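Residue numbers (my numbering), protein chains in the order written: chain S, 1 to 372; chain P, 373 to 744.
If you're looking for bench data, these hints aren't it; they were derived computationally from the structure.
None of these values were measured; they are calculated from a predicted model.
All residues carry an ideal CB built from backbone N, CA and C; glycine is no exception.
Keep in mind that the hints are not guaranteed to be accurate.
Here are some of the chain S residues that sit facing chain P, going by a computed Cβ distance under 7 Å [as the list claims (entries may be wrong)]:
no., residue
1, 16
2, 43
3, 45
4, 46
5, 56
6, 85
7, 90
8, 289
9, 292
10, 313
11, 318
12, 325
13, 327
14, 328
15, 329
Now the stretches of chain P that chain S is said to cover, found in silico as 3 or more residues with beta-carbon under 8 Å [stated by the list, open to error]:
no., region
16, 533-546
17, 630-643
18, 662-672
19, 693-701
Below, each chain spelled out in residue letters.
2 protein chains.
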Amino acid sequence: MENKSPFTLHNSSSECGARRGEVKTKHGSFQTPVFMPVGTQATVKAVTPDNLKEMNAQIILGNTYHLYIRPGHELIEQFGGLHGFMNWDGSILTDSGGFQIFSLKELATITEEGAAFRSHLDGSKLFLRPEDAIGVQESLGSDIMMCLDTCIPYPASRDQAGEATDLTTRWAKRCRDAHRKRDQLLFGIVQGGMYADLRAEHAQSLIDIGFDGYALGGLSVGEPKDLMYELVGEATPHLPENYSRYLMGVGTPEDLVEGVWRGIDMFDCVMPTRNARNGTLFTSKGKITIKNARYREDKEPLDERCNCYTCRHYSRAYLRHLFQSREILSYHLNTIHNLHYYLNLMAEIRDAIEKDSFGAFRKDFYGRLEHE
Amino acid sequence: MENKSPFTLHNSSSECGARRGEVKTKHGSFQTPVFMPVGTQATVKAVTPDNLKEMNAQIILGNTYHLYIRPGHELIEQFGGLHGFMNWDGSILTDSGGFQIFSLKELATITEEGAAFRSHLDGSKLFLRPEDAIGVQESLGSDIMMCLDTCIPYPASRDQAGEATDLTTRWAKRCRDAHRKRDQLLFGIVQGGMYADLRAEHAQSLIDIGFDGYALGGLSVGEPKDLMYELVGEATPHLPENYSRYLMGVGTPEDLVEGVWRGIDMFDCVMPTRNARNGTLFTSKGKITIKNARYREDKEPLDERCNCYTCRHYSRAYLRHLFQSREILSYHLNTIHNLHYYLNLMAEIRDAIEKDSFGAFRKDFYGRLEHE
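Bound conformation, chain S alone (with noise of 0.2 Å):
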């Protein structure tokens, strides 16, 4: 069952677990550390995939459960995968649906044999078997296929994140013996809530089976910040160096910093869409709220040390004003910006991880948010 990697490591920084590497897949290879923009419904909302190529995007993120429900994997199949139905030719995760479902909750029964749900569309009965989920995966033909995995709710007891973690390890099995298309890659998920002892085991468990990279799941679900940071330290340690980690579903700027330090190469988040659809933006100093009345006659551009389409051409003011008046064309705009602050921050880290500086970048990196 085993692989050679797909991950080559290119230098390790002498201060902290921070890693500068790449991961190869059929779509060519993408630099890591590496954030990925979600595209949950086939398309990163609000920008083209010419925008995600202006502002250098690797590898984007495709939802599974939302794509099974609407408009069906059997249909993306027909149209090349969801590279050709969504028009990109960079790479693409997609999970496995299994976060998805846990947030259906009342919708939502997991049994030993699978996941049983109702469609958020129209409540029609489904069952995804994990075999299911690599089979959907496959028609999707994403250069990444993730587990069907169990999460476990926050807080729970070390005897139920125990059960769901042992859950996860079958279904991790059962994955990786229903992989048929090896061209796309396969990551094992370590879970194991809150208890870092559980999370050591379940990656020991994962790696015997053998994966193509090793995600954290079941972290960023509510837990304090600081939790989020030591159970993240705690695990990297377990996951081969010669793999990719990546920290499923965060997070903020600084959890991106902080997951970089602590060893984590892969990251991929809603917040920088979301926020920009909400009118939060990123900057070098901060975050922005636009719709507030001090923007109203304000001449410069969102951030003055970032060149993103949004930046070069156009004012807070006239950024407020689209906000106010809720055009298209704002979100289009705000979304343009806050992912290129993510990218920009992601090639940043990975200037910093070559140069074996990244304890002054970051340093730097918090004294100019200190500094708003």
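With chain S's structure known, arrange chain P on it following the hints.
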């Protein structure tokens, strides 16, 4: 008061009233016949100025009423006018606000002095005199300003139409007198309701005052299509050949072809942008309602004759999926297509007039539609 005309007539059709010309503005020249995308609130909804450039938009329209209400013309003036505020370096025509105020119905009262109305946003009382309409448009810095006119409902008695038309003449004179920034052109608006003789008289009154171009207002307000075409055909011979002629708020692709046939040079309409957001898409074979189930697995582009960004990259099935999922990208891609359709139609019309083959073009245009 008489200016040199900003319009240059290049050639006229030997078959009909169609003309090929250009209008010189402070932002360059635009080629006619031309369609002007509508940018109500300092943005053409759902697209960027770069998108507009890619589809060869030459001039766009801004709505004075909306900009006066929000964010205010004084604010926009501080940003180098509408051009600087919204980052558009092509030409801009602004309407006078008259039509929008008229559309407020019970919120508006017309007197000799001007129009009293209430803001549709917060109900505040406002009063716009003809002189104010010019002042606001001078602050906006548009290339072409329109006189404040009174709109005539359909149907209207001859007396009602006559009175409103006479008031429009008096207001037109006041607009002419108030006009200070002479690098901004000022167009008069011919009213007269559905009475061809009133329109002919009114045209002469406006010519006597002297404007940089002449518009036909108060059409496409509910009257039968044939009546509109008839009134346009009867009005254009009363307009000076060496000035451009603008048919306001019109219309469908067929209306553009028929308007050009009768000697119109300029058009604007919300139809391509509004229909895009409603999922109604224009093609050379007719309209497509993209939510229709027949497009669910349709691998073809919207229009095989179209080379817009949307048609070069996306299937009808994908566009249907985006529309059904209410994704912002749906509005963006649909708007790019519909505006491209309109602008390309006008480019083809200009080409046909240059070759003096507009009659054949018109026949082909309808022939393709009929094959659907």
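Given residue 43 of chain S as an interface hint, is its Cβ closer than 7 Å to any Cβ of chain P? 4 Å, holds
Restraint: residue 16 of chain S near chain P, CB-CB cut 7 Å. Satisfied or not? 39 Å, violated
Does residue 85 of chain S hold up as a contact with chain P if the rule is Cβ-Cβ below 7 Å? Residue 85 of chain S check passes; min Cβ-Cβ to chain P is 6 Å, inside 7 Å.
Hint validity - residue 325 of chain S Cβ closer than 7 Å to any chain P Cβ: 5 Å, holds
Identify whether the interface hint at residue 46 of chain S stands, where standing means a beta carbon of chain P within less than 7 Å of its own. 4 Å, holds
Interface restraint verdict for residue 90 of chain S against chain P (beta-carbon cut-off 7 Å): Since the shortest Cβ distance to chain P is 14 Å, the answer is violated.
Can residue 45 of chain S be said to touch chain P, with a Cβ gap under 7 Å? 6 Å, holds
Answer holds if the nearest beta-carbon of chain P is closer than 7 Å to that of residue 318 of chain S; otherwise answer violated. 6 Å, holds
Can you tell me if the region 533-546 of chain P counts as covered by chain S, using C-beta to C-beta distances under 8 Å and a minimum of three residues? violated (count 0)
Hint residue 289 of chain S vs chain P: min CB-CB distance below 7 Å? 17 Å, violated
Return the status of the interface hint for residue 56 of chain S: holds when the least beta-carbon distance to chain P is below 7 Å, violated otherwise. 18 Å, violated
Next item in the hint list is residue 328 of chain S. Is there a CB on chain P closer than 7 Å to its CB? Status holds, d = 4 Å.
Checked against the numbered hints given earlier, the structure breaks hints 1, 5, 7, 8, 9, 16, 17 and satisfies all the rest.
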